[in-house]
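The task is simple: from the sequences and hints, build the whole structure.
Read top to bottom, the protein sequences are chains A and B. Read in order, the letters of the first sequence are residues 283 to 695 in the numbering used here. Read in order, the letters of the second sequence are residues 21 to 283 in the numbering used here.
Honestly, the hints are just simulated from the structure, not real lab data. Fair warning: this is a prediction, and the values are worked out from it, not measured in the lab. Ideal placement from N, C-alpha and C gives every residue a C-beta, glycine not left out. Check before you lean on any hint, since a few could be wrong.
[Said to hold, decoys possible] Keeping only pairs whose Cα atoms sit at most 20 Å apart, straight-line, the calculated DMTMM-like set for lysine to aspartate or glutamate is: (1) B:Lys255 with B:Glu281; (2) A:Lys487 with B:Glu185; (3) A:Lys487 with B:Glu62; (4) A:Lys487 with B:Asp186; (5) A:Lys487 with B:Glu179.
[Stated by the list, open to error] Computed list of chain A residues with no C-beta within reach of chain B, every gap over 10 Å: (6) Ile396; (7) Pro623; (8) Pro647; (9) Ala680; (10) Ala683; (11) Glu690.
[Said to hold, decoys possible] Chain B side only, calculated, beta carbon under 10 Å to chain A, not exhaustive: (12) Gln65; (13) Tyr180; (14) Met183.
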Amino acid sequence: MTEPLKRPRRKDPLKRTQQPLYPQSVRSRTAHGLTKAAAEGRFELQTCDDCSTVFYPPRDACPKCLSDCVPFKPVDNRGTLLAETTIRTSTDPYFRERTPWRVGLTKLDAGPVILSHIHGDVLEGQRVRLDLKLDKGGAPVMIALPEKDTPNMADDPHLREMTCDPKFRRVLITDGRTPVGQAMARAFSDAGCNIVFVGIADPWKPFPGQDELKKIERVEIVPLDVTDSESVTEQAEQNGGRIDIVVNTAEHIRAGGIMQRHGVTVAREEMDVRYFGLMRLAQAFGPAMRGRGADGVNSATAFVNLLSVHALMNWPQYGAYSAAEAASLSAAQCLRAELRPGGVRVMNVFFGPLDTEWFQTVPPPKVTPAALAKAVVQALQRGLEDVFVGDIAEDIRARLAANPKALERELAG
Amino acid sequence: MANTPASDLLGMAQRVASGAIKVVDLTQTLTQEFPTIVLPPEFGQAAPFRLEEISRYDERGPAWYWNNFSVSEHAGTHFDAPVHWISGKDLPNNAVDTIEPRKFIAAANVVDCSAESAANADFELTVPFLEAWEKKHGRIGAGEWVLLRTDWSKKPYAEYAGMREDGAHTPGPVPEAVKWLVEERDVHGFGTETIGTDHGQGHHFNPPFPAHFYMHGKGRFGLQCLTNLDQLPPKGAVIFSAPLKIKNGSGSPLRVLALVEGA
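Right, here's the structure in full:
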């Protein structure tokens with residue numbers, strides 16, 4: 283059984299903060315098939331189109347029939363741990379300071395034998411589930427998990443290196459004025475965060491849900507306006523050194539296209555909130571987070587962007603909004619590269635229309651703020667990087683993969 | 021008279037320098053946090069004040085500090101030109117760049133409603149109230165400002181904005197009072213400490229927003245988000261209120277100064 287994580291004690295201010303490191307992460311282009319699956323939380327291996335052989339590690343041709351039609355496909359992840367060993371020393375600086383570290387060989391029911399990390403609750407000879415995860419450096423790795431969930435299994439130190447579990451961490455929800463911000467505050471409080479900082483802009487303006495928000499356990503209301511550089515900087519000066527997860531809930535949703543809109547005032551607001559806002563948060567909070575990627579149990583771990591799935595393909599009915607979301611997505615990709623050396627994950631969460639007032643006239647299916655918040659927490663617990671929430675988001679993703687041009691035409695209506 | 025000696029003007033400068041004439045700053049500092057007017061969110065919104073550093077003795081400019089700022093024409097202490105309102109849209113010289121510059125200097129009547137406003141956030145300035153004020157302090161002169169002292173500028177922002185579920189609750193004039201000031205007293209303009217020149221519930225008046233409708237309809241001006249009105253006498257202060265010269269601008273943040281005879 284996994285030793286349950288202890289609430290971290292206050293740090294000794296005389297001790298140097300451990301600097302973040304991450305394991306060697308170069309992968310071949312083909313092996314990035316695993317990265318893609320791991321980023322989205324799927325277990326996929328290469329499966330030969332011609333002879334159905336499932337194989338690992340990634341190769342450009344089938345080891346059995348030499349076919350080059352070897353796409354990554356969802357595969358049964360169950361198997362048996364054949365053998366294990368404990369590594370006690372390493373020349374790799376990341377593992378060197380984390381030994382002893384157990385690794386083992388799993389024989390998957392689907393065929394291949396795979397060398398992977400192993401969870402503390404797994405013993406040689408047992409049935410296991412192999413899970414595909416991203417390590418601290420964002421590279422895909424396998425970990426053998428117990429056949430069935432065990433108590434406190436998420437607290438396993440090896441597994442926790444590959445996830446961004448909010449438990450005992452301190453989160454900043456950047457905008458608590460919206461239903462999504464408030465749902466997020468509730469979800470992170472329930473997930474065991476030590477502090478849930480919730481940013482409020484223009485505190486002189488009352489907003490629905492204000493009183494309930496203040497009553498949520500461990501919620502601390504802080505002044506924060508992502509459109510105001512000074513406000514963002516001041517909040518980072520105040521609390522930036524102890525924020526482990528940022529969830530950017532600042533939104534600006536208005537219907538209307540590019541030509542159909544009258545002027546650029548609203549578009550400027552959209553860009554200010556969604557693009558410059560993200561940039562301000564990144565500049566103010568990013569460097570401290572990157573420096574705290576290995577800072578114990580409550581190390582800095584994730585920067586979460588909430589994005590319309592129409593960041594990936596414009597929806598002309600909400601065309602200018604889609605464009606601002608696309609800008610935000612592009613910035614998030616850059617931030618991902620910038621935070622990677624600190625082992626801090628940038629998680630992009632895509633969703634379709636929300637069940638909120640700004641999508642009032644849009645027919646269902648819609649994503650409720652509570653469902654979105656739950657999905658974000660679960661994705662952090664799993665350590666994902668790209669998350670699609672709800673039917674519309676899944677649908678757009680699938681259609682985009684199949685034929686982007688068709689999707690463009692279809693969204694044009 | 022016709023040949024006012026030049027020394028009067030220079031004398032004034034000397035008296036300003038010596039402190040015999042007191043200069044009172046009626047301007048709120050332009051800050052990011054200061055409340056701006058709130059419209060229903062589907063309307064276009066007045067941008068609040070924002071500041072972005074260009075450089076601060078750093079790699080972006082080693083020896084100098086400067087900022088870009090952005091702000092609506094109607095944020096912070098600001099001036100309303102007649103073109104701001106539909107009733108004043110066709111008047112000549114109705115924008116900040118075409119208003120005659122002499123109109124940026126005028127005497128002020130300061131109507132103290134601070135006690136009434138403290139007791140009632142929805143205090144309405146009426147004609148009888150103004151008539152009673154005139155009995156005490158003298159007639160409001162043509163071409164003079166009327167400034168409404170409510171001490172609203174001293175309130176914390178939430179109270180200052182007065183936002184509730186049914187809109188803002190801040191003091192202001194009723195339609196008859198504004199009409200009377202324009203038609204019976206021929207005033208220069210109307211100034212307040214609150215976010216707008218109108219009553220917080222002024223959109224329910226007839227006409228809606230009377231301080232905007234009547235004042236701007238007759239080519240008069242507005243000043244809002246003023247402060248330090250409590251340092252002005254009921255009569256006798258001279259107001260300097262020159263807005264930025266924005267091409268066809270409907271208003272502008274500005275520095276409003278009052279000259280007051282020293283004690």
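How the hints compare with the structure:
1. B:Lys255 with B:Glu281: 11 Å, holds
2. A:Lys487 with B:Glu185: This hinted pair holds, its Cα atoms lying about 10 Å apart.
3. A:Lys487 with B:Glu62: 16 Å, holds
4. A:Lys487 with B:Asp186: Roughly 13 Å between the alpha carbons, so the hint for Lys487 of chain A and Asp186 of chain B holds.
5. A:Lys487 with B:Glu179: 10 Å, holds
6. Ile396: 49 Å, holds
7. Pro623: 22 Å, holds
8. Pro647: Its Cβ never comes within 10 Å of chain B, the nearest being 24 Å, so this holds.
9. Ala680: Non-interface label on Ala680 of chain A holds, nearest chain B Cβ at 33 Å vs cutoff 10 Å.
10. Ala683: 36 Å, holds
11. Glu690: 28 Å, holds
12. Gln65: 7 Å, holds
13. Tyr180: For Tyr180 of chain B, the interface hint holds, since the closest Cβ of chain A sits about 7 Å away, which is under 10 Å.
14. Met183: The hint holds - Met183 of chain B has a Cβ within 10 Å of chain A, the shortest such distance being about 6 Å.
Checked against the numbered hints given earlier, the structure satisfies every one of them.
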